[in-house]
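Number of protein chains: 2
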Amino acid sequence: MSVPYKNSAKKIINDPNDCADELFEGLVFAYDGKASRVGKRSIVMNDLRPDAPALLIGGGAGHEPIYHGLVGKGMADGAAVGEIFAAPPPDIVLEAAQAVSRGKGVLFLYGNYAGDVMNFDIGGELAVEEGIEVKTVIIADDVCSAPPSEKHKRRGVAGLVPVVKLAGAAAATVDTLDELARIAQKACDNTRTVGVSTKPGSIPATGEPTFELADDVIGLGMGIHGEKGVGLIPMCTANELAAKILDLLFADDLGLVAGDEIVFFVNSLGSTHMMELLILLRAARPILDAKGIKVHHTIVDSIVTCQEMAGVSFSITKLDAELKKLWDMPCESVGYTKL
Amino acid sequence: MSVPYKNSAKKIINDPNDCADELFEGLVFAYDGKASRVGKRSIVMNDLRPDAPALLIGGGAGHEPIYHGLVGKGMADGAAVGEIFAAPPPDIVLEAAQAVSRGKGVLFLYGNYAGDVMNFDIGGELAVEEGIEVKTVIIADDVCSAPPSEKHKRRGVAGLVPVVKLAGAAAATVDTLDELARIAQKACDNTRTVGVSTKPGSIPATGEPTFELADDVIGLGMGIHGEKGVGLIPMCTANELAAKILDLLFADDLGLVAGDEIVFFVNSLGSTHMMELLILLRAARPILDAKGIKVHHTIVDSIVTCQEMAGVSFSITKLDAELKKLWDMPCESVGYTKL
Numbered sequence: 045m046s047v048p049y050k051n052s053a054k055k056i057i058n059d060p061n062d063c064a065d066e067l068f069e070g071l072v073f074a075y076d077g078k079a080s081r082v083g084k085r086s087i088v089m090n091d092l093r094p095d096a097p098a099l100l101i102g103g104g105a106g107h108e109p110i111y112h113g114l115v116g117k118g119m120a121d122g123a124a125v126g127e128i129f130a131a132p133p134p135d136i137v138l139e140a141a142q143a144v145s146r147g148k149g150v151l152f153l154y155g156n157y158a159g160d161v162m163n164f165d166i167g168g169e170l171a172v173e174e175g176i177e178v179k180t181v182i183i184a185d186d187v188c189s190a191p192p193s194e195k196h197k198r199r200g201v202a203g204l205v206p207v208v209k210l211a212g213a214a215a216a217t218v219d220t221l222d223e224l225a226r227i228a229q230k231a232c233d234n235t236r237t238v239g240v241s242t243k244p245g246s247i248p249a250t251g252e253p254t255f256e257l258a259d260d261v262i263g264l265g266m267g268i269h270g271e272k273g274v275g276l277i278p279m280c281t282a283n284e285l286a287a288k289i290l291d292l293l294f295a296d297d298l299g300l301v302a303g304d305e306i307v308f309f310v311n312s313l314g315s316t317h318m319m320e321l322l323i324l325l326r327a328a329r330p331i332l333d334a335k336g337i338k339v340h341h342t343i344v345d346s347i348v349t350c351q352e353m354a355g356v357s358f359s360i361t362k363l364d365a366e367l368k369k370l371w372d373m374p375c376e377s378v379g380y381t382k383l
Numbered sequence: 045m046s047v048p049y050k051n052s053a054k055k056i057i058n059d060p061n062d063c064a065d066e067l068f069e070g071l072v073f074a075y076d077g078k079a080s081r082v083g084k085r086s087i088v089m090n091d092l093r094p095d096a097p098a099l100l101i102g103g104g105a106g107h108e109p110i111y112h113g114l115v116g117k118g119m120a121d122g123a124a125v126g127e128i129f130a131a132p133p134p135d136i137v138l139e140a141a142q143a144v145s146r147g148k149g150v151l152f153l154y155g156n157y158a159g160d161v162m163n164f165d166i167g168g169e170l171a172v173e174e175g176i177e178v179k180t181v182i183i184a185d186d187v188c189s190a191p192p193s194e195k196h197k198r199r200g201v202a203g204l205v206p207v208v209k210l211a212g213a214a215a216a217t218v219d220t221l222d223e224l225a226r227i228a229q230k231a232c233d234n235t236r237t238v239g240v241s242t243k244p245g246s247i248p249a250t251g252e253p254t255f256e257l258a259d260d261v262i263g264l265g266m267g268i269h270g271e272k273g274v275g276l277i278p279m280c281t282a283n284e285l286a287a288k289i290l291d292l293l294f295a296d297d298l299g300l301v302a303g304d305e306i307v308f309f310v311n312s313l314g315s316t317h318m319m320e321l322l323i324l325l326r327a328a329r330p331i332l333d334a335k336g337i338k339v340h341h342t343i344v345d346s347i348v349t350c351q352e353m354a355g356v357s358f359s360i361t362k363l364d365a366e367l368k369k370l371w372d373m374p375c376e377s378v379g380y381t382k383l
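Residue numbers (this note's numbering), protein chains in the order written: chain A, 45 to 383; chain B, 45 to 383.
Don't read these hints as lab results, they were simulated from the structure.
Misleading hints may appear alongside valid ones.
[To be verified] For lysine-lysine, the following DSSO-like pairs were computed, each having C-alpha atoms within a straight-line distance of at most 27 Å:
no., chain 1, residue 1, chain 2, residue 2
1, B, K382, A, K368
2, A, K335, A, K195
3, A, K369, B, K382
4, B, K368, A, K368
5, B, K368, A, K369
6, A, K338, B, K78
7, A, K117, B, K195
Construct the complete structure from the given sequences, taking the supplied hints into account.
Right, here's the structure in full:
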């Protein structure tokens, strides 16, 4: 059997309609027995700390290794997994919440997309009916998706990686859901991302591009599915682009001042290779240094992706003493591991 | 200034002739002070174990995060870095060897390409003149690049990741260069890779594709620069491809039998996204399970890459008791980290 559809992206898949289920089954193998499948399409750690509040993440498939690749020691306790580019339905949110719950409540932590908010809210109501306390923290780090005055409209993008890492460290240590939610919210409040796209993604079910982008322009501030950003700019050098992205980050309301310590995350949407991430990092660091911003930890990787899409983002998480301590804890997952 | 050349791959770079130097400078930042630049283009760990044999890796740039992203705790002590797709010249090999040497000799561990062999050999002779003992182990894991009877002709591909991890664990523990070389050689002897390509890479200096490949075929056994493999096969499903790759691995002389424990590494050349790696892993695991092969550890990642190139490989490293113990040690680097 050859691939039964116009596979213009030349994807190595089986039936394109089965991608979400099949990648999920593969992911369970990738966890080497440390996490297991629960119910329809949730993944949950096998060794959960007893009598502890739980951290549940989730979102659509097709952006691997997020979200479901961020389950693990010092990371999330479990993830609810949707179809390709679609939020997990409420019954999957419920099955995941029940599986991670240990009597101290469950924190839902996910990116700000209408479908996710709706389904996690309904799933949360179902969980409450089952006697599980639920709190929600929504990741909305995408600076270019709305002005500071309308932060509730901002999308969740690559900043979710440092946020989940910090919340995961909190979930491994705190005793109450309120504490876990407070720290996760602080991690969100201290995180900002600006991304760009150079090439569109593709939709696995059709092979069609997710949007159009001329060869000589960059989509500044574009979302990870190709959502509109602040506009198109001419294709430029890495040095110019790094400066533009940092300008947008510094113009936002994170209030970075000399002496601040940050986590600096340079992410690829997948089809931009690490060479370029490193050349961008080389351009960015002297700008940060000149402002007196101290990079406590750097991540250069492709963790928040979209099929075939090329582009990069810079995420900054400002660390206070509490967050820095949580950052320095080790963590392990398919998508991000730190000693 | 816009990018001063036909940037058909739409790379986010500066002057295309500066890519190797600039990505190297970015890489030094990515190490967060744990490794430093030495000389012209070498990177070396800051905290080296005293009176220990050294592990030096290296190769051309453009395949990030290898090789130079595999320096770190429990990984290599240093790396000599070449230009894009070109071996490090002998003077860089020498500067790196001098920097990692602590009086107990230096093991050169790198992939089997004519330029690398020549330059590491000359660099090694220069190091010997400086009083440094040198041994060499060459990684040649690419099953499809030559038959078992001509293993010395095989290329080094993605299997270098488990090999460097095992040799790095050995370098952190053994006391003699002979022991380090013995273990690195065993890791090589126990490692096999079969790769495929679905799309060509691009040459950063020209923007041109590295080779041609029709839309309806896969290059079976192709090297990571597009070197000839065993032939072209029609585009097929992930299930079919996983079976074909495993057939080639099992047909080689690793002598896998039921009960053997392995590290299983599913690598992307960069432009193939993790969704596909996970779907391939899902297809591969039942085949391994049916043969009684026990997967001790799985890696699903994009570590051995080539600009714009799409494709995947499976690497198998057979673990005996000694290698398993070394595998289970933690390691940390920009390209691969394990708790």
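Query - Pair hint K117(A) and K195(B), alpha-carbon separation not exceeding 27 Å - result: Violated: K117(A) and K195(B) sit about 41 Å apart, past 27 Å.
Handout entry: Given pair status - K382(B), K369(A), alpha carbons within 27 Å
Key = 20 Å, holds
query: Taking 27 Å as the top limit, are the C-alpha atoms of K368(B) and K368(A) close enough?
result: Violated: K368(B) and K368(A) sit about 34 Å apart, past 27 Å.
| request: Mind checking the alpha carbons of K368(B) and K369(A) for me, to see if they're no more than 27 Å apart? | output: 32 Å, violated
message: Holds or violated: K338(A) and K78(B), Cα atoms, limit 27 Å.
response: Judged against 27 Å, a Cα distance of about 15 Å means the pair holds.
Going straight from one Cα to the other, do K335(A) and K195(A) come out at no more than 27 Å? Given that 27 Å is the threshold and the Cα spacing comes to 25 Å, the pair holds.
Original post:
Does the alpha-carbon distance linking K382(B) and K368(A) stay inside the 27 Å limit?
Top reply: 21 Å, holds
Hint violations for this structure: numbers 4, 5, 7, all remaining hints satisfied.
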